[in-house]
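Engineer: For chain E, the structure is supplied; the task is to place chain D on it using the hints.
Respectively, the protein sequence lines represent chains E and D.
Using numbering that gives the first Met the number 0, the first residue of the first sequence is number 0, and each one after it goes up by one.
Using numbering that gives the first Met the number 0, the first residue of the second sequence is number 0, and each one after it goes up by one.
I should point out that these hints are in silico values taken from the structure, not numbers from a laboratory.
Among the hints, a few may not be true.
The calculated lysine-lysine pairs, modelled on DSSO-like cross-linking and capped at a C-alpha distance of 27 Å, are [said to hold, decoys possible]: (1) D:K118 to E:K49; (2) E:K245 to D:K145; (3) D:K145 to D:K323; (4) E:K64 to D:K390; (5) E:K245 to D:K118.
A short, non-exhaustive set of chain D residues, derived as facing chain E with CB atoms under 7 Å [said to hold, decoys possible]: (6) N106; (7) A110; (8) A261; (9) G273; (10) G274; (11) D275; (12) S392; (13) A394; (14) A396.
Note that the coordinates shown come from a computational prediction; the quantities given were computed from them, not determined experimentally.
Glycine included, every Cβ here is placed at the ideal spot set by N, Cα and C.
Given next are the chains, with one letter for each unit.
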Amino acid sequence: MSIAQESIIKKPIKKRFKRTPYLLVLPGIGWLFLFFLFPLSTLLATSLQKPAGLSPDDGYLPAFKVSNYTDALAEYYPQFFRAFLYSGIASVVCLLLAYPIAYYMAFRARKYRNLMLVLIVAPFFASFLLRTNAWKTILSGDGLVVSVLNSFNLLPQERILNTSLAVIAGLVYNFLPFMILPLYTSLEKIDPRLIEAAGDLYSPPSQRFWKVVWPLSLPGVISGTLLTFIPASGDYINAELLGSIKDKMIGNVIQSQFIDLRDYPTASALSFTFMAVILVMIYLYIRKAGTDDLV
Amino acid sequence: MNKEEKLQDIPAEIRPFLTRRRVLQAGAIGGAAAVAAACGAGGSTTDSSAPAAEGVDISETDKKVVWSNWQAYMPLSETDQTYPDLVAFTAETGIEVNYTEDYNDNNEAYAKYKPLLDKGQSLGVDIVTPTDWMAALWIQNGYAMKFDDANIPNKANLNEAYRNVSWDPGRSFSLPWQSGFAGFGWNKAKLKETLGTDKLTSMEQFFDPKLKGKVVVLSELRDTIPLVLSWQGNDPTNFTDDQFQKAIDFLQSKVDDGHIQAFTGNEYIQALEGGDVTAVIAWSGDIGQMGADYGFDLPETGGSIFVDNVLIPAGAEHKANAEKIINYFYDPVVAARVAAYVQYISPINGAAEELLKTDPALAENPLIFPPDELLKRAYSAMTFTPEQAAKYSDAWAKLIGN
Numbered sequence: 000m001s002i003a004q005e006s007i008i009k010k011p012i013k014k015r016f017k018r019t020p021y022l023l024v025l026p027g028i029g030w031l032f033l034f035f036l037f038p039l040s041t042l043l044a045t046s047l048q049k050p051a052g053l054s055p056d057d058g059y060l061p062a063f064k065v066s067n068y069t070d071a072l073a074e075y076y077p078q079f080f081r082a083f084l085y086s087g088i089a090s091v092v093c094l095l096l097a098y099p100i101a102y103y104m105a106f107r108a109r110k111y112r113n114l115m116l117v118l119i120v121a122p123f124f125a126s127f128l129l130r131t132n133a134w135k136t137i138l139s140g141d142g143l144v145v146s147v148l149n150s151f152n153l154l155p156q157e158r159i160l161n162t163s164l165a166v167i168a169g170l171v172y173n174f175l176p177f178m179i180l181p182l183y184t185s186l187e188k189i190d191p192r193l194i195e196a197a198g199d200l201y202s203p204p205s206q207r208f209w210k211v212v213w214p215l216s217l218p219g220v221i222s223g224t225l226l227t228f229i230p231a232s233g234d235y236i237n238a239e240l241l242g243s244i245k246d247k248m249i250g251n252v253i254q255s256q257f258i259d260l261r262d263y264p265t266a267s268a269l270s271f272t273f274m275a276v277i278l279v280m281i282y283l284y285i286r287k288a289g290t291d292d293l294v
Numbered sequence: 000m001n002k003e004e005k006l007q008d009i010p011a012e013i014r015p016f017l018t019r020r021r022v023l024q025a026g027a028i029g030g031a032a033a034v035a036a037a038c039g040a041g042g043s044t045t046d047s048s049a050p051a052a053e054g055v056d057i058s059e060t061d062k063k064v065v066w067s068n069w070q071a072y073m074p075l076s077e078t079d080q081t082y083p084d085l086v087a088f089t090a091e092t093g094i095e096v097n098y099t100e101d102y103n104d105n106n107e108a109y110a111k112y113k114p115l116l117d118k119g120q121s122l123g124v125d126i127v128t129p130t131d132w133m134a135a136l137w138i139q140n141g142y143a144m145k146f147d148d149a150n151i152p153n154k155a156n157l158n159e160a161y162r163n164v165s166w167d168p169g170r171s172f173s174l175p176w177q178s179g180f181a182g183f184g185w186n187k188a189k190l191k192e193t194l195g196t197d198k199l200t201s202m203e204q205f206f207d208p209k210l211k212g213k214v215v216v217l218s219e220l221r222d223t224i225p226l227v228l229s230w231q232g233n234d235p236t237n238f239t240d241d242q243f244q245k246a247i248d249f250l251q252s253k254v255d256d257g258h259i260q261a262f263t264g265n266e267y268i269q270a271l272e273g274g275d276v277t278a279v280i281a282w283s284g285d286i287g288q289m290g291a292d293y294g295f296d297l298p299e300t301g302g303s304i305f306v307d308n309v310l311i312p313a314g315a316e317h318k319a320n321a322e323k324i325i326n327y328f329y330d331p332v333v334a335a336r337v338a339a340y341v342q343y344i345s346p347i348n349g350a351a352e353e354l355l356k357t358d359p360a361l362a363e364n365p366l367i368f369p370p371d372e373l374l375k376r377a378y379s380a381m382t383f384t385p386e387q388a389a390k391y392s393d394a395w396a397k398l399i400g401n
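This is chain D alone, in the form it adopts within the complex:
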């Protein structure tokens, strides 16, 4: 079964139109703002136990909601550059959606928003979409507001597997948006040219000297490190400092000998398309959206899995509206449309059935419907203590040249 070939079955009109430049631009502006904010906030210590500021909810009078999400995470109509599901939501509820793709990096967003959150100020954003570990940090610091479950009846549709996480039991503060894998992505034609096969399955292949200077690795620590840890025979869900260091040392040697060309976020899409790199450690949906010329798989020794969550930042002005739109996307029919487009795993019960009704071919797509065999070798990096987080991030930053 060649899973990648199924990707081309996605209707052309919902294939992504990725505006990476816009995202980068937004990211840089955000970064500059964060630096400015950080300078001002550096002098004060923060009280992490401060309760979330309960902003005045003006949802009723001001019918809008602001959502900061990752890039290419919402079905986009290629013909008129609108988000059909958001348009439908506005038509149904009268709530206008200000949807931005400026959630570009967990750390960056946290650095940008933290000074405001510490001061109890509104972010001007009603929904943010952090990854699990970052969502845990937000909730732990009191930066998220508790959902009013009456506004989210569809919460009942959440898949059992996601209902209880240690950092948010019962999901009162966060709800999964999409889940996906980090593993190998490659350009089939180029790989065949260099390695003589169009399938990339092992770390040995990925670090084959023939691919020297032709690979790019994800700059997100928690997505990349499980691949190396599991390959070295260690458990990514429970590892020691020494094991972490061993993984870093290995990657450092591959940086030094020029095997790894760069560490990037989803700019690797451009690099893959431009022919500069042959193989990448990438997020599954990105490669899935790129079409049949590109392959995605987890290394046989193991890859990583992540969950991105929606949560409402403290002080958000349109909390009720935010809950309504979350509820809207927790409808299996809508969730199925999103999953088909973004090529990630939907955390919503019934989405799979809906998806199969509209497009049975997608059932064969392991990125959307991961078989157990795939899930078994998908690890989520263990939760770091604050000390570990500081130490590991520092080592990681040095590795990636910063």
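Excised from the complex, chain E in its bound form:
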């Protein structure tokens, strides 16, 4: 009797709230549709168009020209490969540089923690382009860095600017904060008592790190590498400003196809392929690393 009563009271309440979650996600879905799905489908349609004439000024006609993809890939696979290679190296270097910083901030910095956070975020106050351009001055031939390294004969090409080293260094610099911040948040959540407990159980410092801290910080490592790798592989500013002809990445090609050559189908095909490759890589990576507590 009392159970029946309860269910009678509960039912209408349940019903009333059933649609609310959907209503709540509606603006988000609408946003995604308008600014993601719609442009994406336009991009797909463009990538299959065929030229109406011999010049880009003649425009392009709707078609189903799959050879846009194969031609673009056959021509520009080196730039694809380079984009993933450079951003891969940059992500690893970022991780190596960021981990000690994030670790220090989470466990040792105490009252300097906020100051360090501000310092890490501060570069964002200046424009991305300005900061990258500043590297041209820092790495210039008459600059301090190059002169010092040259005096030890450490530079095979006697310069840094317009080499792959400069491009990777630029990528590392520009995307380092995106690695530090997620690492810091996941390290900061670790209960220091766990490390103490490991110490109490006679585990040496290296084991304390690899068995306790590292596994618990993995969500930060994964989100950090994703946040670094994805934008870095699509970046073209660093390769444009700091690299030579042989350091151009896929972003440069897409930019030039869109802007200089106005070959919209090729540019779209390249963009689409790039997105697909990234998607597959991320899928494999996340499946391997697990997303259970990816925060």
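Structural biologist: Below, chain D alone, put in the same frame as chain E:
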């Protein structure tokens, strides 16, 4: 006669303050906008015969004019970072000038504006400054508005040599802003160190193995290719596909062996100053403005010459104001001031005489007053058919790594 030494005679207060970063920044923002616009416009074919949209001219009620020009193309006062000539124009006419240095690249600007022009929309810009071949494309596509000559009486001052061009007979749609050379620019001290001379005169020197990795070449196809074509014994004003390919192949070999460090726009200024490069293929005015430590000359086999033009885009809202400011700069006195500062050739009759009155030393400057001997080896690349343009641009993009 050492022509470069004359460059230091320019008064210090009008030496350029180049804000390259700002230009790059503007360029990138423009580029992003163009990509966005291109995505939207890619699906439609364009009717290139569409007539220019005649925008409503609000010059009378809205006293301003927007001018998109190349970087370092207007005298700038170093003391207060203003453009004295624009200030004077505003004082004289009451028309406010919104002057931007965001015309950074012919192709980029075209890609950015084309979708708007095709839709007949206003660009929000009243004057653009494309180079000859690009100006021809604008006019041919109906993207430029015909001048009302009554507003530009000073048009009569245009030098005879520029009056009749095939793509704009009688100059109804475009007027030359400045003309200049593309040739060798170099750091004298560094060149002396490597080659033992502070003069760069031949392509053989430019591609001397000692300069390996120390040279930068202009990324503008039509400015660079005449140097190679003429050196290979071909005529840059009339060449075949094979001859073009031969020039590309040569440059490709120099890219492959690491001789050419990069292809850039006027970022080479920074590279020259920073000591990363010794020699560049550059625009004359840029090197002229850099001072006496740097040299500029055309290769003895030939360099290139270009003309940048002002034109009013279709749908511009301040057409009459634009014509008034063009007229203002067609005054020989004003034109002389501009030429002295930007170090390019003024297309305006009487500017030379004015310039000599104020600063006789500048007459010796071959970049501003090119002698016939120099003009004879300055080529303007032939006009490409649309097919050639597409094909050559594609080959060029591949060469420069894109």
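Engineer: Compare the structure with the hints numbered earlier in the document and write down the numbers of the violated ones, lowest to highest.
Structural biologist: 2, 5, 13
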